[in-house]
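Novice: Okay, here's what each chain looks like letter by letter:
Protein chains: 2
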Amino acid sequence: MNNRPIGVFDSGLGGLTVLKEIMKITPNENIVYFGDTARVPYGPRSKETIIKYTFQAIDFLISKNVKAIVIACNTATARALKEANEKYDIPILGVIEAGARTAVYTTKNKVVGIIGTDGTIRSKAYNAEISKLDPEIKIVDKSCPLFVPIVEEGWANTDIASLTAKRYLDDLMKEGIDSLVLGCTHYPLLKKTIGEIVGEKVTLVNPAKETAKDLKRILDENDMLRGDIGEEPKYEYYVSDIPEKFAAIAEEFLKKEIDDIKNVRI
Amino acid sequence: MNNRPIGVFDSGLGGLTVLKEIMKITPNENIVYFGDTARVPYGPRSKETIIKYTFQAIDFLISKNVKAIVIACNTATARALKEANEKYDIPILGVIEAGARTAVYTTKNKVVGIIGTDGTIRSKAYNAEISKLDPEIKIVDKSCPLFVPIVEEGWANTDIASLTAKRYLDDLMKEGIDSLVLGCTHYPLLKKTIGEIVGEKVTLVNPAKETAKDLKRILDENDMLRGDIGEEPKYEYYVSDIPEKFAAIAEEFLKKEIDDIKNVRI
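For the protein sequence lines, the chains are F and G, in the order given.
Each residue of the first sequence is one higher than the one before, starting from 1 at the first, in the numbering used here.
Each residue of the second sequence is one higher than the one before, starting from 1 at the first, in the numbering used here.
Read the hints as simulated data drawn from the structure, not as lab findings.
These numbers come from a predicted model, not from an experiment.
Just so you know, even glycine gets a beta-carbon here, dropped at the ideal spot from N, CA and C.
Possibly wrong hints are sitting among the right ones.
To be verified - Ranges between beta-carbon positions, derived for each pair:
hint	chain 1	residue 1	chain 2	residue 2	range
1	F	I242	G	T106	35 to 41 Å
2	F	E251	G	I242	38 to 44 Å
3	F	E83	G	Y88	39 to 45 Å
From just these sequences and the hints, can you work out the full model?
Specialist: Structure below.
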């Protein structure tokens, strides 16, 4: 048994969907979440800056004695995961690899859709990972810049969300995708709306869920799981700035009440 | 007659709506536009960073021999206009003062609405400017984070835009506003959609237009207008990064073809 917490890091709030899956799949683990809300979004920043911010976040989590870290942010994973694994000794996972691998498993007709923010789509990180595993897969990608603000307004299940999803996904449907990677941590909150647009024949791949499964496997293999010791796990939340709507959005993401949010300067 | 160009600066593309009004109101002027597209958006950045970026942009425009500068960006105006005017000798105008002054003139019932990005609304810059002119005016403000991506997708006149505007503006209408400041440079592109929601009794105040009028007056008073010399004015566009959709969006903003876009490192 290993009491040390898991560290989860995101540029803001989106990583809470990953946190939620980790809580579900490894319900006994203590967790420290850090959201770099003062410097969100990372998308438009340079690779050097993103590496610097990511290392600062990792240093902060290590100061909290974490045993493993999940970079629950597509941009930081695409730009800084490799460098982080070269620098640090504890296991550090990103969200892209698990999502890509799952899409390769689920697709039958070898036509996979990827949606994400402008930055993630331009980075082609999912495309590269999928093509490495199966170069025959045809990838259709599309950036969906309205989805994040729609989720953050709490409008995920409105007519605005439906109409927007229809507009974004029409082209992907015409290409005949049978799997769709939700390549942004906010998007699992749109799962119901997106599912209604693409229909049951398209499998939605949630990288958050797959990453949580990977994490559990790695902890298990290294004998690092906390196990059920009859004591509730502890969840701590740190943010570099408390946005106005933080609590409301966070509770929408996690579907549970959040207390113990601390402000930290890194 | 003064052949030197006017400099127009924005963090990205939004300032093109201001540029459009300047072209209309002073059609003989040569203009140099600089969009800091590599570092957009300024909204989440610190005051110090925004001042640094703004000074860099001004230095660049001065190197192009401009006779006056318009900071066509609400964030940069709110955070750096005062500092810029303390540092530089040429006339430098922002977009907020003219918009606020016009709202004070147009309102009859003294209830004014302000819409803008999260950053602009949180800065309370329009509120402060309006209250300085008439402390009796009641201000109802609302951030509308979906409007910028809607405009940038080219969706300004869709059902998505209408439904979104209705949701954002309902509360302001209930408060009985008779004037509405479009406090973000992207919003004039939503004028038709917003106008349909708020109806004819609400005056839409476009700070871009008012700023262009101020610029003309200042140039006139200082004997700096170019005048009609029977020679087409020259328009030059510089950006710090060429975004994928730059040309398409820019032509949508300006309603004219754009050539001569140069990339510049500042």
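Novice: Enumerate the violated hints, using their earlier numbering and listing them in ascending order.
Specialist: As far as the earlier hints go, not one is violated by this structure.
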